[in-house]
Every structure is written in C-alpha cells, then in structure tokens.
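J.: This is what each chain is made of:
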Amino acid sequence: MQTVKMVVTGPFSAGKTEFIQSVSEIDVVKTERKISSDAERVKNETTVAMDFGRITVDDDLVLYLFGTPGQRRFDFMWEILSEGMLGFIVLVDSVRPETFREAKHILEIFKSYATTPYVIAANKQDLPDAWSPEDIKIALKVGKGTKVLSCVARDKETVKTVLLELLYSILEKMQAEEDM
Amino acid sequence: MALKGNLKDFSTTQLLNLVNLARKTGKLDVNQDGSSAYLYFKEGRLVHATNSSDGGHLMTMLVKMGKLSREQAGVANKKSASSSDKVVGKYLMDSKLVTREDIVQGVKDYMLEIVYDLFTWELGDFFFEQNSLPSGNRITMPLNLDNVILEGNRRVQESGRLQDELPDLGKIALKITDKPLRGVKLTQDDWRVISHIHPRNSVKQIAQNNKMDEFQVRKIVYGMLQAGLVEIIHPEGLEPKKQRRPVTRAGRRAASQTPAEKRSVVTKLIDRIKRI
Ligand SMILES: Nc1nc2c(ncn2[C@@H]2O[C@H](COP(=O)(O)OP(=O)(O)OP(=O)(O)O)[C@@H](O)[C@H]2O)c(=O)[nH]1
Ligand SMILES: [Mg+2]
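For the record, the sequence lines run as chains L and C.
Take 9 as the starting number for the first sequence in the working numbering and just add one per residue.
Take 759 as the starting number for the second sequence in the working numbering and just add one per residue.
Keep in mind that the hints were calculated from the coordinates and are not lab data.
Don't take every hint at face value.
Stated by the list, open to error - Below are the DSBU-like pairs computed for lysine-lysine, each with C-alpha atoms no more than 35 Å apart in a straight line:
hint, chain 1, residue 1, chain 2, residue 2
1, C, Lys937, C, Lys977
2, C, Lys1026, L, Lys112
3, C, Lys822, C, Lys836
4, C, Lys822, C, Lys782
5, L, Lys119, C, Lys969
6, L, Lys168, C, Lys844
7, C, Lys762, L, Lys119
8, C, Lys766, C, Lys933
9, C, Lys785, L, Lys155
10, C, Lys977, L, Lys112
11, C, Lys762, C, Lys785
12, L, Lys112, C, Lys854
13, C, Lys933, L, Lys112
14, C, Lys929, L, Lys155
15, C, Lys943, L, Lys181
16, C, Lys1020, L, Lys168
17, C, Lys844, C, Lys800
18, C, Lys933, C, Lys962
19, C, Lys933, C, Lys800
20, C, Lys800, C, Lys943
21, C, Lys837, C, Lys782
22, C, Lys1020, L, Lys181
23, L, Lys181, C, Lys836
24, C, Lys782, L, Lys164
25, L, Lys149, C, Lys836
26, C, Lys836, L, Lys152
27, C, Lys762, L, Lys149
28, C, Lys866, C, Lys933
29, C, Lys962, L, Lys112
30, L, Lys181, C, Lys1026
31, L, Lys155, C, Lys844
Take these sequences, add in the hints, and give me the full structure.
T.: And the structure:
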C-alpha cells in the first residue's frame, strides 16, 4: 500500500479545512480548534494540529491531503508536513487583501522546503468583493508560469480543478526531468 | 469582480503597480476621513486625477498650479460659460491668458501632485471601478506609471513598510528584468545600484559597494522592484535547502520508485480525482 500526500496551506481562515472537506471521503480530522481553546497543552498535542483528508484510489494507493494550521504559532510544523509531499496548494482568501502578504510569505517558505510543484488557489470567488485571480497573481508577485486558479472551497468541482491542475504540473515536471 | 481594500494592507505603490501591469482601465477611488482622491486610468496609464474638494476642472487646476490668477479665472469663467474644459482651454488660449504649454504643464503637475500625495497616505479605503472614465468634459493626459511609481516612492519616508518588504538584505540578490529601461527616469543612485547587480551580490553588498546605508538602498530597491525593473533572487551560494533524505516510510518508498512508476501514480490520482 502506497500513500502520497499533498499539502494545502495558506493564511488563517483562507478556507483550507473547507477545501479538504469538499473532496475528502472521510470527515476531515480537525484538530486545531481543540488546541486553540487549550493553548496550555503542549508538544504531543500540537503535533496533530492540522487538517487531514483522504482520497482512496485503489487497494494500493491512497492520497492524503494535509491542511496546515493557519496560525503562525504552528509554523514549526510546516517543514515536517511538507516532507515527501508530491506538491502543494496555497489558498488565498480573495476577499482579504490584508492576508496577501502572509500568503506570499507562506509560499516562499514552502518553496524553500522543497522544489515540488505548487499552484495558488484564489478562494472565495463566490463572494462579490473577491479580487480576481489575475489581480492576485500580480499582487503576490508570482512568475508568469505560476498557476493562480479560481476556487470556491465549498464547490467540489472547483476544488477538483485545483487538484487536477496541480497534478498536471507534477506530471509535466516529471516528464521534463526524464527528458533531461 | 472587485478590487477593494485599505492602503494599510495594499499600498498606493502596489495598487499603481497592479494597474500598470494589468493595463487596467477605470477609476481608483481612495477615501480617508471624508477626503477622497480619484485617479483615472486608461490601459494602465494615468489619464486624470482629482480630489473631492477640487472637482478636476481645468480652471481649478490652472489656478492651483499658479498658471492663472483667481481674478482671471473668475472673469474667464463668466465669459466662456462652458462646462467643457476643451472649450474653456481654447478660450483661455484665444484670450492669451495662458499658452498651450501652460495648460499641458499645469494639468500634468496637478495630476502628479494628487498622485504623489497619495503615496504618503498610510490609511484609506480604496475601490477600483472597472472601465469608469472621467466625463468627456474633462481634459485628460496620459502619463506613464513607471515614472510615477519610481518618483512616488522616493517620497515615501516611512521605513516600516520598506523593512517589511525587504527584510534581510544579506539574503537577497537582484536580477534586472527584461523590462526596457529606456524612457524610465532613473537617478544617479538608481544607476549606482544597478551597476552592482549580480547574482552573487546580496543587496547588502551592493549597499556596501556604494557606501549607502540600509535605508537608502532599501528605498531605491523597493522603488525599482515596484516599477518591475528588478526582481529578487536568492544570491548564488545561498540556494534553497536541499530536500532532506525522507525519513517516513512513504517518503523512502517514493524515493526508490522508477520514473515510470512515479508517473503512473500521478496518472492514477488524476483519474481518481476526475471521478469524485
Ligand atoms: N463564501 C465562501 N466562504 C468560504 C469559502 N471557503 C471557506 N469559506 C469560509 O471561510 C471561513 C474559513 O474557512 P476554513 O475552511 O475554516 O479556513 P481555514 O483556512 O481552515 O482556517 P484556519 O484553519 O483557521 O486557518 C469559514 O467560515 C468558511 O465557511 C468559499 O469558497 N466561499
Ligand atoms: Mg482550518
């Protein structure tokens, strides 16, 4: 049995839990709230401070989706979570430009952990005040080749598109590396 | 689709940069404590600017910029009696009150005054109204935003934001983008920085080479970054951390797979997700 994982990250309240919940076949294991309400409990409790979803492919293959905790005080977990990941998704809260800087910061940190492909999902596009993916792309100063995708975490179809776009990027990169 | 927020989170520089890069057309409305600035853009260029107290009439602009006295304006106002600034402008020139150059310079200076002032606002709710242009009665003048952004940044004295945008100068280097430098008004200091750009030179070294202090070099680099003339890279020799040897079982297994096996895993995932 092989397990692969992808990481869903992004600023506080960007919609990571919602995103994973939309496609996971199990109820997302939410561990964060418990910890925020009881901040005194330490170490072994915080190591599970993440969302966790699952998509079974067949008897031999399972995909896990890990959502990072949005709060900075858990960022020591990011590197552990990112280990061995196939790729990652940075969710951006499109209605809160005050979080763009944080999103960019998170993106840079994950890029420094691993050279795996990533996509950016401009979430909450259903809300009238949402910035467009094109504007967010410029605001985050990411390169032309970076995919910034429209997303509504509650809408399974857009979540699927984001995951698929990431997988296509992963495939392309594998292909390119083989051709070298 | 909206473009809304507050300058404390997304600065004037960042906004103008966005308008410039996305070649936007429309009106940017910024409001703070009841006073508003309005900037109009056409395909990424600033074409008109005014504020809530002035209203953007040609006569007001010329008086403010000292091209016309209040008395002259009062008389002209009665005589020309038109709401079109083009008619007013023609009248002013015909009656030899101002020259064409006065009008061009006056309007331009007025627009720049409004927009440069906006760079000093640390707060202010903004809203971008897509495709909204000034009334046909107003005079417009297209100004390239590259230079506006560079100059506007020279006037920003607030170092907190600079510190935020460019935290550790020893850990970043610069790369010149393929944006043409021709037509962009660079100062001598800008050129001094540019001449030291090299993948092995951190910004800190660039500052040292030029005997600039950190604040100085930050301001220059920030301005050039916002205008899209340079971008940040990792200095050579400070590459991102190599991925460590996987310690989990799944990680070790993935590392021992052949390329074909790895690709087949991804293809299976794609098929599965399509079926969700
Ligand atoms: N309208 C709308 N609301 C959303 C969307 N995605 C998430 N939300 C809402 O945004 C809030 C935050 O969503 P979460 O999924 O808890 O965000 P999170 O990133 O897991 O938050 P933290 O774990 O606390 O950092 C919730 O109220 C969600 O219901 C979306 O696409 N559209
Ligand atoms: Mg969550």
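J.: Does Lys112 (chain L) pair with Lys854 (chain C) here, judged by a C-alpha cut-off of 35 Å?
T.: violated, 56 Å
J.: Is Lys943 (chain C) close enough to Lys181 (chain L), meaning Cα to Cα at most 35 Å?
T.: violated, 40 Å
J.: Does the alpha-carbon distance linking Lys149 (chain L) and Lys836 (chain C) stay inside the 35 Å limit?
T.: violated, 51 Å
J.: Quick one, are Lys977 (chain C) and Lys112 (chain L) close enough, alpha carbons at most 35 Å?
T.: The hint holds at about 21 Å.
J.: When you check the alpha-carbon spacing of Lys937 (chain C) and Lys977 (chain C), does it fall within 35 Å?
T.: holds, 20 Å
J.: Under the criterion that the straight-line Cα-Cα distance not exceed 35 Å, is the pair Lys181 (chain L), Lys1026 (chain C) satisfied?
T.: holds, 16 Å
J.: If you draw a straight line from the CA of Lys762 (chain C) to the CA of Lys785 (chain C), is it 35 Å or shorter?
T.: holds, 12 Å
J.: Please verify whether Lys837 (chain C) and Lys782 (chain C) have alpha carbons no more than 35 Å apart.
T.: violated, 38 Å
J.: With a cut-off of 35 Å on the C-alpha distance, tell me whether Lys1020 (chain C) and Lys181 (chain L) pass.
T.: holds, 12 Å
J.: If you draw a straight line from the CA of Lys933 (chain C) to the CA of Lys800 (chain C), is it 35 Å or shorter?
T.: holds, 30 Å
J.: Mind checking the alpha carbons of Lys762 (chain C) and Lys149 (chain L) for me, to see if they're no more than 35 Å apart?
T.: holds, 18 Å
J.: CA of Lys844 (chain C) to CA of Lys800 (chain C), is that 35 Å or under?
T.: holds, 19 Å
In terms of the numbered hints stated before, the structure departs from hints 6, 12, 15, 21, 23, 25, 26, 31, listed from lowest to highest.
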